[in-house]
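Quick note: the sequence shown, position 32, residue 32 per the numbering used here, numbers continuous.
Hints are not guaranteed to be accurate.
Mimicking DSS-like on lysine-lysine, the simulated pairs with C-alpha atoms at most 27 Å apart in a straight line are [to be verified]:
1) K49 - K63
2) K79 - K63
3) K49 - K85
Treat the hints as calculated values from the structure; they're not laboratory data.
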Amino acid sequence: MRFSHPTLAALAATAALALPGFAQADSPYHPANGEVGFTYHPEHFKSTKSRAEVIAEVEAARKDGTLALIQRGAPLPVKSTGPAKTRQQVIDEMRNEPPEQRRARMEMMVGP
1 MRFSHPTLAA
11 LAATAALALP
21 GFAQADSPYH
31 PANGEVGFTY
41 HPEHFKSTKS
51 RAEVIAEVEA
61 ARKDGTLALI
71 QRGAPLPVKS
81 TGPAKTRQQV
91 IDEMRNEPPE
101 QRRARMEMMV
111 GP
């Protein structure tokens, strides 16, 4: 069977428009016409954690204070990854970086 270019283009466009709908079938939120713009179906949610695991996480959050922050809508504190670098350490790192790393960094900051 031989397809023409417009037929293939129409088939590709139909597939591209249908794929997001298939992806949303697993989500508990489904698009809907109306003021809210979605409907919620909790039975479509598939949890990977047991009830005991969730309760343990909530208790841990309550003990370390993050639950209170979440309830107030406050930002969570960022956990430190190590001691901060001095200005001179950062300058030394930039001066000693290989040319390919410098090129990659410059492209990331400025673009190609």
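These are the hints, each one checked on the structure:
no., hint, in the structure
1, K49 - K63, "20 Å, holds"
2, K79 - K63, "16 Å, holds"
3, K49 - K85, "38 Å, violated"
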